[in-house]
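A.B. asks: Going line by line, the protein sequences match chains G and Y.
Note that the first sequence ends on residue 388 in the working numbering; no numbers are left out.
Note that the second sequence ends on residue 488 in the working numbering; no numbers are left out.
These aren't lab readings, by the way, just hints derived from the structure by calculation.
Note that the coordinates shown come from a computational prediction; the quantities given were computed from them, not determined experimentally.
One thing to keep in mind: the hints can contain errors.
For the chain Y half of the interface with chain G, some residues (derived, Cβ under 7 Å), not all of them [stated by the list, open to error]: (1) T208; (2) F370; (3) M435.
Once the Cα atoms are required to be at most 16 Å apart in a straight line, the calculated EDC-like pairs of lysine to aspartate or glutamate come out as [unchecked claim]: (4) Y/K332 - G/D169; (5) G/K63 - G/E240; (6) Y/K332 - G/E171; (7) Y/K205 - G/D56; (8) G/K298 - G/D383; (9) G/K63 - Y/D313; (10) Y/K179 - Y/E268; (11) Y/K332 - Y/D174; (12) G/K216 - G/D383.
Don't be surprised by glycine CBs; every beta carbon is placed ideally from N, CA and C.
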Amino acid sequence: MKYLPLIWKNLWRRKIRTIFTLACIFIAFLLFGLLMTIRAAFSLGVEIAGMDRLMLIHKISLIMPLPVSYQARIATVPGVTAVTHNSWFGGVYQNPSNFFARIAIEPQAYFAIYPEFRLPPEQMKAWLADRQGAVAGRDLANRFGWKIGDRIPIRADIWKPKSGDGETWEFNLVGIYEGDKLVDKTNFFFRYDYFDENRQFGQGQVGWYVVKIGDPSRSVEMAQTFDNMFANSAAETKTTTEKGFIDSFAKQIGDIGAIMVAILIAVFFTILLVVANTMAQSVRERTSELAVLKTLGFPNARVLILVLAESIFIAFLGGGLGLALAWAIVQNGDPTGGQLPAFVLPNRDLGLGGALMLVLGVLAGALPATQAMRLRITDALRRN
Amino acid sequence: MGALRQVVAVTLLNLRTIPQRLGSSAVGIVGIAGVVVVLVAVLSMAEGFEAVLRDAGSSGRAIVMRSGSTSEMSSGLLGSDVDVIKQAPGIRQDGRTSLTSAELFVIIDVPKKSTGTPANVPLRGIEPTSFAVHDQASMVDGRMLQFGTNEVVVGQAASRQFAGLNVGDDIRSGEVTWKVVGIFESDGSVAETEIWCDARTLQGAFRRGNSYQSVLARLDSAQSFDAFKDWLTANPQVKVSVQRESEYYASQSQTLTTLIRTVGFAIAALMAIGAIFGAILTMYTAVATRAREIATLRALGFNAGAVLVSILAESLALAALGGLAGGAAAYLGFNGYQTSTMNFQTFSQVAFAFRVTPSLLALGLVWSLAMGLIGGLLPAVRAARLPISKALREL
Numbered sequence: 005m006k007y008l009p010l011i012w013k014n015l016w017r018r019k020i021r022t023i024f025t026l027a028c029i030f031i032a033f034l035l036f037g038l039l040m041t042i043r044a045a046f047s048l049g050v051e052i053a054g055m056d057r058l059m060l061i062h063k064i065s066l067i068m069p070l071p072v073s074y075q076a077r078i079a080t081v082p083g084v085t086a087v088t089h090n091s092w093f094g095g096v097y098q099n100p101s102n103f104f105a106r107i108a109i110e111p112q113a114y115f116a117i118y119p120e121f122r123l124p125p126e127q128m129k130a131w132l133a134d135r136q137g138a139v140a141g142r143d144l145a146n147r148f149g150w151k152i153g154d155r156i157p158i159r160a161d162i163w164k165p166k167s168g169d170g171e172t173w174e175f176n177l178v179g180i181y182e183g184d185k186l187v188d189k190t191n192f193f194f195r196y197d198y199f200d201e202n203r204q205f206g207q208g209q210v211g212w213y214v215v216k217i218g219d220p221s222r223s224v225e226m227a228q229t230f231d232n233m234f235a236n237s238a239a240e241t242k243t244t245t246e247k248g249f250i251d252s253f254a255k256q257i258g259d260i261g262a263i264m265v266a267i268l269i270a271v272f273f274t275i276l277l278v279v280a281n282t283m284a285q286s287v288r289e290r291t292s293e294l295a296v297l298k299t300l301g302f303p304n305a306r307v308l309i310l311v312l313a314e315s316i317f318i319a320f321l322g323g324g325l326g327l328a329l330a331w332a333i334v335q336n337g338d339p340t341g342g343q344l345p346a347f348v349l350p351n352r353d354l355g356l357g358g359a360l361m362l363v364l365g366v367l368a369g370a371l372p373a374t375q376a377m378r379l380r381i382t383d384a385l386r387r388n
Numbered sequence: 094m095g096a097l098r099q100v101v102a103v104t105l106l107n108l109r110t111i112p113q114r115l116g117s118s119a120v121g122i123v124g125i126a127g128v129v130v131v132l133v134a135v136l137s138m139a140e141g142f143e144a145v146l147r148d149a150g151s152s153g154r155a156i157v158m159r160s161g162s163t164s165e166m167s168s169g170l171l172g173s174d175v176d177v178i179k180q181a182p183g184i185r186q187d188g189r190t191s192l193t194s195a196e197l198f199v200i201i202d203v204p205k206k207s208t209g210t211p212a213n214v215p216l217r218g219i220e221p222t223s224f225a226v227h228d229q230a231s232m233v234d235g236r237m238l239q240f241g242t243n244e245v246v247v248g249q250a251a252s253r254q255f256a257g258l259n260v261g262d263d264i265r266s267g268e269v270t271w272k273v274v275g276i277f278e279s280d281g282s283v284a285e286t287e288i289w290c291d292a293r294t295l296q297g298a299f300r301r302g303n304s305y306q307s308v309l310a311r312l313d314s315a316q317s318f319d320a321f322k323d324w325l326t327a328n329p330q331v332k333v334s335v336q337r338e339s340e341y342y343a344s345q346s347q348t349l350t351t352l353i354r355t356v357g358f359a360i361a362a363l364m365a366i367g368a369i370f371g372a373i374l375t376m377y378t379a380v381a382t383r384a385r386e387i388a389t390l391r392a393l394g395f396n397a398g399a400v401l402v403s404i405l406a407e408s409l410a411l412a413a414l415g416g417l418a419g420g421a422a423a424y425l426g427f428n429g430y431q432t433s434t435m436n437f438q439t440f441s442q443v444a445f446a447f448r449v450t451p452s453l454l455a456l457g458l459v460w461s462l463a464m465g466l467i468g469g470l471l472p473a474v475r476a477a478r479l480p481i482s483k484a485l486r487e488l
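Using the sequences and the hints given, assemble the complete structure.
C.D. replies: What follows is the structure, encoded as structure tokens:
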């Protein structure tokens, strides 16, 4: 610790060089923070998917409907604690680019199975009293400036309504659900009973089932039970864990994670070169000083640590500031105005960033530091 | 004249001595090359995705869907609607048949080869006339499917990207087993990601009754579109929307390409700032190590302007080298790289190849030169203002 002033002084002997090196590292870690945020957004909340929830979809494809009668049959299977169904609505709000998920659900059952979506009890009560009621996620409500009591028209594409002009469904916003930072708050939910009664065709059909099971370790076996139960029927099923389902859905978009990692490797390799070059240069310039230190009795190990500490210090200063700015930007909210399901910098990635700073500092300083350590006093003093 | 000769002489001297400063020069070059690789690679992804959908659409064809539908996936037309649509004027005739194709568009689960996880692959139900309507499509392997059976033909991109889609394979999907009898190509367009089967068989398999989702019509000429559209929209028997096929597919690619481009430019711009700092450091190092040399030149009578220009030229040369290296790396590493993604308009997979076009490479070079110019400016000014006597004494 007592060498801190020495390191500090060494750093600022060439101000411009140090500032630009810091700026390089700063940019690298700013990028790291932002790319990790994008990656988290595209992984669509895989990390919070419940292991005790199974998704039951039509075997042929997600777009094929399942009969509503399956609900009662699934509920009789031992080990099932709750079951509910969802139906994808599609539709258009104002114009087609205003995309968000619109799903018909059973309000109470759904919110019981998904405790991470938090809806105040009085809003749930209001919803149960209003067949045309709907609730939106906090991010979605903010995106369009909706308030409770607003009337929200959704133009149908597949499911034309019986009522009104036969084109547009009208919903009353009765609630706004909240959730932790990784929870998707961009959904729009409305009541299945109203939807089913008012659509022009397709009555008695649902999109997919969500089943909550008591013992997550039995998920594979339970999934098999359901699929066997409906085998050879008109609508065969395919059951997976919710995590597996979201995972494979995210994989369909493409390996966003791999692309982000590839870009980051390019960035870090470049920064490593820059910092290593700067360190080598600064050690070269100080050859005679280091020799003097050794003459004064500094052991080799201490000289090594002094140089290494300098490069690690630069890495942490620049990297820390960069990551802090990325964090601040992310706190400021989603620049796309709520189109991404999540816009957060996960804590795990903050930790990873810290580890990367250490690695960067050590790698960049390793060669110059060993050179400094091996320096022979007589050679070094004579060199110039 | 003398000033120009000075500039040329010092610049050449600088360029010739670059190999002696290889280490620090490499840092600048690699930094700039890195930016160019990322910029070109990300934009080539958008370019490739856009091309696949752009090439699918022809202004000589029109697509008819239910009014209010934003994609084939959410459209629905009854058999009786289709009969009306086929009567519309402006459709090209081939003998006594009008060149229209009533189609169903659904997705089925097929595992992706690269990950082994299920992917939504589009399955299109077609009619016997369809290959004459999709006139760019042709068989490349096997044979055409027989209508009235459960035979299918597979686009060559789908066959490459997804497992079990070769001639002779069976695709098990619910109660139906589809037999792959042929592979077709379609000028590299999105149709090549699809599986085509008999629309009537598909109606049965997906319990769609006598319904379709879209009608594709080959027009007499691109000009007959208006007559075709006006007749259909004025017809009280049907409620449909009519679009040129080219416009339909262009609207499908817009969201994703805009997203990729925005993200690509943002990342590259941030990286470029980093690379400029790298270039500044490189050039400062170059100036610092050659301080004595520069001072000697000045003492010999070379003026400050010549020194400034020579440093800028060196920086630009290094940047150009980086730009070329980055462009070459992006081209070799990414051009033609096959991948697939989800088209959110239809929830289905679209296979495409990265396209590193000459204009992208030019863009990369422009960026690299800009980085070199900005990066060289400060060190060049410093070199020009170096106090001669002090620099000569410097170690």
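A.B. asks: Which hints, by number, does the structure contradict?
C.D. replies: 7, 9, 10, 12
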